[in-house]
Amino acid sequence: MNPEFQRNLYLEFSVARLIGMPLFLMIIFALTYAIDNQKLTESTANISIIVYVLIILFWGARQTAESLLEEIRNHTWDIQKTSALSPWSLTWGKLLGSTLFNWYGGLLCLFIYSIATPQRETVFLVWIYAISGGILAQSLGLLTSLLAVRRKQMTVSILYYGVIFCSLPFFIPLLFDADYSRGQVDWYSIRLDSQVFMAISLLLACFWAVVGVYRLLAEELQIRTLPWVWLSFIGFLVLYFTGLIIGDLNSSQASKFGIGECSFVVCGCLTYLLILSDNNNPMTVRKLWLYSEQAQWQRVLEQIPCWLISLLLLIPVSLYLTLFRDVETLEKMTIYPIPSFLLLVRDCAVILFFSYAANAKRAAGLSFLYLLLIYWILPAIFIEGGAEGMAAVFLPLFSDNIAFALIFAGGQAALAGFFLYQRWQNCVNHLR
Amino acid sequence: MLVTVENLIFEYTGFRALNNVSFSIAAGSITALVGPNGAGKTTLMRCLAGLEQPLEGTIALDGIDVLEEPRLCHRKVGYLSDFFGLYDRLTVEQCLHFVARAQGIEAADCPAAIKLASQRLQISDRLNATPMQLSRGLRQRVAIAQAIIHQPKLVLLDEPASGLDPEARHALAELFLELQRQGMTLLVSSHILAELEAYSSNMLILRNGQVIENISIAQNNAINKTFRIRFVHPVPELAMLLGNFPYLSHIAIQNEQVQFQLTGDEQVQHQLLKDLFAHNLPICEFSPVLTNLQDAYLSKVQQ
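Protein chains in written order, with numbering that gives the first Met the number 0: chain A, 0 to 431; chain B, 0 to 302.
So that you can see chain B by itself, here it is in the shape it has in the complex:
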């Protein structure tokens, strides 16, 4: 595990922003950090970045105790805050040069680091412009280039896609996948769940300062599949009948169709169909429902 957080408590005057938060993040994953406003996402990110000292708990990042050695942690973390800023009076190249030097990259190695970061973010042709002259999407790219210029192991991105148009969001998703392929681990918070779905491998749901779920999205989809059955006409006492199948949950009946979650593999799926036909039900359609991150999130939050 690259990151291990245990029993993290963070308090502001009058309220507890993080309450016994524990989770871990595997190296090379992209974790979506989701939760309603005020859930504690930004506070958690700032604690992980070594920018805030929690009241209690521990954070280990690649073997470093973040709370004891925040400066060591800073070298391994790239952080983009939700209200990121850029040095508007410098050129993009000067901005990147400053951050590279500030992150301890030797002056002689800076041009190579700037070239690599700008190529990754596709801003090589904007190096002589000032951030003021750039669009919101390009500014975002410059900010991310600053966050990754020192090749951090963990990249923390707080609402990176806010204010971006769909095209820029798509490009951002591609970029995150590219960073993942290059060995970086990403923790991305966002309200736009559809956007997170494009690249996240894990989802960490935070609510009222507590982790209510930390799941692998791929694994979750493999185990908990949602299906829909449509009948020729509504079936009386269908709920009672389906209730007898132990591997079905979240059963929702609406007129002549029913939607449910099936826990199990393809054998279980086959067995279910066999049992249903054995009851001579007027089935005319059986199809998997593609659950998205939003469904998974809402399902967990509603629980």
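Pulled out of the complex, with its shape left as it was, chain A reads as follows:
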């Protein structure tokens, strides 16, 4: 048996708990049975799903997140890091081990649901939604705690709510009505039942979340990895969303928003997501710099942060969009690819500038404040004041002139880059 799973088994299961969970559920369902006039029908089915979501999503995600953070707080993480456990053993050992008791209760709820629901035909689909949604939420819980560990954070509070916020939409069809999303979805002209499409999407999301946990655990175990998985994930998202946006290729209604535009949006969003959640350490850049000087390219690829890969991918994508895409389409999108890329560079530089400060713990808060100011409050002030030209200075995409947008975005990126370089120099100069 997987040692980590077995350890969790020791911790999570006791005779009292084994008896306690069904007893607790029995009391709840006795109440719903009474409400439904001594029948197991709709109220019992609904309540069983609500209890399932509470046990699996709210409690389960917290359990997986805590399974790692507790190790850090109790100073036992080094035992696991110096063990012979593989990242995969740790992944499923933590993921399933820490939530085994939750799954015990959750599966009892699903079992009651299957008996009680009047909608027999959707039971199978509900099970798929419920289980894959649960695994997704719990994987994200573990994933966010791994990111917290990289940032030297020992608590799970904000990340936990983030996971709940991200996972809850997947449970909405369960909570309200399994028929909620019935319809058709066109994906690269393949027509699918929307419920089936969502179930497949959920399973794919689960797969990638587990892969993410595996990769972060591998890094924690000091296993050197090349960024193929991250590139594959970007490729997957681009293909997935492009297919969804294009819909039916043969239809005259097919979106002009193609693979290039989708790549731009995916890479841009992932860059923001990663740079805001990763541990931005000036030593990472120092290592990259040193390995580049020594032409140790494999080491460079091992050390390169994922956000930087996404950002670098935007260069060919921006050029492709600028040179080969229909100008009319681009203008309708109101984005100019190269200025947008430059603004992203500016934002990354500013976020890193905050991260390289003496008190880096405030970096995330300051970064959010900066993004709020630069993209919303300042342009809004100028637009409301009738000075739309000034708004375009802060957000050059508001400009109706691509040259103006390019100059201002480039200038801001260069200025932010200059200040970042100065700060980075301060951090590492005396080390040489």
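It is worth saying that the hints were derived from the structure and are not from the lab.
Please note that the accuracy of each hint is not assured.
[Said to hold, decoys possible] From the derived model, a few chain B residues whose C-beta atoms are all more than 10 Å from chain A:
| id | residue |
| --- | --- |
| 1 | 12 |
| 2 | 52 |
| 3 | 286 |
[Claimed, not checked] Below, in silico cross-link-like pairs of lysine to any residue (SDA-like), each with a Cα-Cα straight-line distance of 20 Å or less:
| id | chain 1 | residue 1 | chain 2 | residue 2 |
| --- | --- | --- | --- | --- |
| 4 | B | 75 | A | 284 |
| 5 | B | 152 | B | 62 |
| 6 | A | 151 | B | 283 |
| 7 | B | 75 | A | 151 |
| 8 | A | 151 | B | 14 |
| 9 | B | 75 | A | 73 |
| 10 | B | 152 | B | 176 |
| 11 | A | 151 | B | 51 |
| 12 | B | 224 | B | 261 |
| 13 | A | 151 | A | 22 |
| 14 | A | 38 | A | 22 |
| 15 | A | 360 | B | 104 |
| 16 | B | 75 | A | 360 |
| 17 | B | 75 | A | 220 |
| 18 | A | 151 | A | 69 |
| 19 | B | 152 | A | 77 |
| 20 | B | 152 | B | 198 |
| 21 | A | 151 | B | 152 |
| 22 | A | 151 | B | 82 |
| 23 | B | 75 | B | 181 |
| 24 | B | 75 | B | 14 |
| 25 | A | 360 | B | 13 |
| 26 | A | 151 | B | 11 |
| 27 | A | 151 | B | 176 |
| 28 | A | 360 | B | 14 |
| 29 | A | 38 | A | 26 |
| 30 | B | 273 | B | 216 |
| 31 | B | 75 | A | 223 |
| 32 | A | 151 | A | 73 |
| 33 | B | 75 | B | 11 |
| 34 | A | 151 | B | 13 |
| 35 | A | 151 | A | 217 |
| 36 | A | 360 | A | 295 |
| 37 | B | 152 | B | 104 |
| 38 | B | 273 | B | 246 |
| 39 | B | 224 | B | 181 |
Glycine included, every Cβ here is placed at the ideal spot set by N, Cα and C.
Got chain A sorted already, so can you dock chain B onto it with the hints?
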């Protein structure tokens, strides 16, 4: 050599914790890793354990490149961190079983491994207790049992005796010598130099991230002996006289007594006494000074 470290550089933001560190550790030795706070001892231990990736340099452990193959290295290393933790909700036996399995010991072999480790650490009678119920000394023993259950070649112990009472420290020293006899190599960091002296065969002094000395304590004591001479009354111009003897160093004169370090064997010692008597000095006592690890450490650090 079991461990060979070459030009190791490790940097944290704003400071270099290890600066071109190079040394080697012989198999079967017990090396005391000493140095002031912030010298880089813990960082060095973590690099050796394959828990941190340095900026530059190489670490070879029993033929394995630790930085390239940290997972292989983990099987050969037992590491006890300065702030070690135990799974307080498991019993000692469950803790040891988990670590044994995590270290790749087959389930069928675990009982034997647990028995051996618990016997070595004298915790066989505590297997059913939880670590929470144990004293600090016993917790330390459980943690060491976890670190050695897979019979590692190298055991890294970061401040293993901190917080222990004198009796427990003595028992720990006995244990380390026992592990050495069983073929393990130990690297032990501690601030309590008197405690390290009881079992260390080598001393590695680290200061400001640099190795300032890596010596064999026994060899050092054999070559550099410290002696004290007491005179009937203070001798004028004694410093000038002793300065003429090339094999004397670290001469410290205080009233009617002088202490110095003599480099050489018993023949040199005999020659010195002969020369001193030839000068008709009023010697009333000549005795060796037992140098301890602390003296050696302070002498090196002050240099």
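Results of checking the hints against the structure:
Annotated as non-interface, residue 12 of chain B brings its C-beta within 10 Å of a C-beta of chain A; the closest such distance is 5 Å. A Cβ of chain A approaches the Cβ of residue 52 of chain B within 10 Å, the least distance being about 6 Å, so the stated non-interface status is violated. No beta-carbon of chain A comes within 10 Å of the beta-carbon of residue 286 of chain B; the shortest separation is about 48 Å. For the proposed pair residue 75 of chain B and residue 284 of chain A, the alpha carbon gap of about 32 Å is over 20 Å, so the pair is violated.
At roughly 12 Å between alpha-carbon atoms, residue 152 of chain B and residue 62 of chain B fall within 20 Å of each other, so this suggested pair holds. Proximity of residue 151 of chain A to residue 283 of chain B is assessed by CA-CA distance (about 64 Å); at most 20 Å being required, the pair is judged violated. Of the supplied pair hints, the one linking residue 75 of chain B and residue 151 of chain A is violated, its CA atoms being roughly 28 Å apart against a limit of 20 Å. With a C-alpha separation of about 18 Å, the suggested pair residue 151 of chain A and residue 14 of chain B falls inside the 20 Å cut-off, and the hint holds.
Under the criterion of a C-alpha separation no larger than 20 Å, the hint pairing residue 75 of chain B with residue 73 of chain A is inconsistent with the structure, at around 24 Å. Distance check on the hinted pair: residue 152 of chain B and residue 176 of chain B sit about 14 Å apart at the alpha-carbon level, within 20 Å; holds. Distance check on the hinted pair: residue 151 of chain A and residue 51 of chain B sit about 15 Å apart at the alpha-carbon level, within 20 Å; holds. Distance hint between residue 224 of chain B and residue 261 of chain B is fulfilled; the C-alpha atoms sit about 5 Å from each other, no more than 20 Å.
Using a Cα cut-off of 20 Å, the hinted pair residue 151 of chain A and residue 22 of chain A is violated, with the two alpha carbons roughly 40 Å apart. The straight-line distance between the Cα atoms of residue 38 of chain A and residue 22 of chain A is roughly 19 Å, inside the 20 Å bound, and the hint therefore holds. Taking the CA atoms of residue 360 of chain A and residue 104 of chain B, the gap is near 41 Å; set against the 20 Å cutoff, the hint is violated. Proposed proximity of residue 75 of chain B and residue 360 of chain A is contradicted: the alpha carbons are some 37 Å apart, above 20 Å.
For the proposed pair residue 75 of chain B and residue 220 of chain A, the alpha carbon gap of about 15 Å is at most 20 Å, so the pair holds. Among the hinted pairs, residue 151 of chain A with residue 69 of chain A is consistent with the structure: their alpha-carbon atoms are about 13 Å apart, no more than 20 Å. Between residue 152 of chain B and residue 77 of chain A the CA atoms are separated by roughly 18 Å; this keeps the pair inside 20 Å, and the hint holds. Using a Cα cut-off of 20 Å, the hinted pair residue 152 of chain B and residue 198 of chain B holds, with the two alpha carbons roughly 18 Å apart.
A hinted pair counts as satisfied when its Cα atoms are at most 20 Å apart, and residue 151 of chain A with residue 152 of chain B does not qualify at roughly 31 Å. Between residue 151 of chain A and residue 82 of chain B, the direct Cα distance comes to roughly 16 Å. Compliance with the 20 Å bound is thereby established for this hinted pair. The hinted pair formed by residue 75 of chain B and residue 181 of chain B meets the criterion: a straight-line CA distance of about 15 Å does not exceed 20 Å. In summary, the hint linking residue 75 of chain B to residue 14 of chain B is not supported, as the alpha carbons are separated by about 30 Å, beyond the 20 Å threshold.
Using a Cα cut-off of 20 Å, the hinted pair residue 360 of chain A and residue 13 of chain B holds, with the two alpha carbons roughly 16 Å apart. Of the supplied pair hints, the one linking residue 151 of chain A and residue 11 of chain B holds, its CA atoms being roughly 14 Å apart against a limit of 20 Å. The suggested pairing of residue 151 of chain A with residue 176 of chain B is violated, with an alpha-carbon distance near 37 Å, which exceeds 20 Å. Proximity of residue 360 of chain A to residue 14 of chain B is assessed by CA-CA distance (about 19 Å); at most 20 Å being required, the pair is judged to hold.
Taken as a hint, the residue 38 of chain A and residue 26 of chain A pair is honoured in the structure, with Cα atoms around 15 Å apart against an allowance of 20 Å. A threshold of 20 Å between alpha carbons decides the hint, and for residue 273 of chain B with residue 216 of chain B the separation of about 29 Å lies outside it, so the pair is violated. Between residue 75 of chain B and residue 223 of chain A the CA atoms are separated by roughly 19 Å; this keeps the pair inside 20 Å, and the hint holds. Under the criterion of a C-alpha separation no larger than 20 Å, the hint pairing residue 151 of chain A with residue 73 of chain A is consistent with the structure, at around 14 Å.
For the proposed pair residue 75 of chain B and residue 11 of chain B, the alpha carbon gap of about 27 Å is over 20 Å, so the pair is violated. Distance restraint check for residue 151 of chain A and residue 13 of chain B: the Cα-Cα separation of roughly 17 Å lies within the 20 Å cut-off, and the hinted pair is therefore satisfied. Only pairs whose Cα atoms come within 20 Å are accepted, and residue 151 of chain A paired with residue 217 of chain A is accepted, the gap being roughly 17 Å. As the CA atoms of residue 360 of chain A and residue 295 of chain A are separated by approximately 32 Å, the hinted pair breaks the 20 Å bound.
Proposed proximity of residue 152 of chain B and residue 104 of chain B is supported: the alpha carbons are some 15 Å apart, at most 20 Å. Restraint check for residue 273 of chain B and residue 246 of chain B: satisfied, since their Cα atoms lie roughly 14 Å apart, inside the 20 Å limit. With a C-alpha separation of about 31 Å, the suggested pair residue 224 of chain B and residue 181 of chain B falls outside the 20 Å cut-off, and the hint is violated.
The structure does not agree with the numbered hints 1, 2, 4, 6, 7, 9, 13, 15, 16, 21, 24, 27, 30, 33, 36 and 39 stated previously, though it agrees with the rest.
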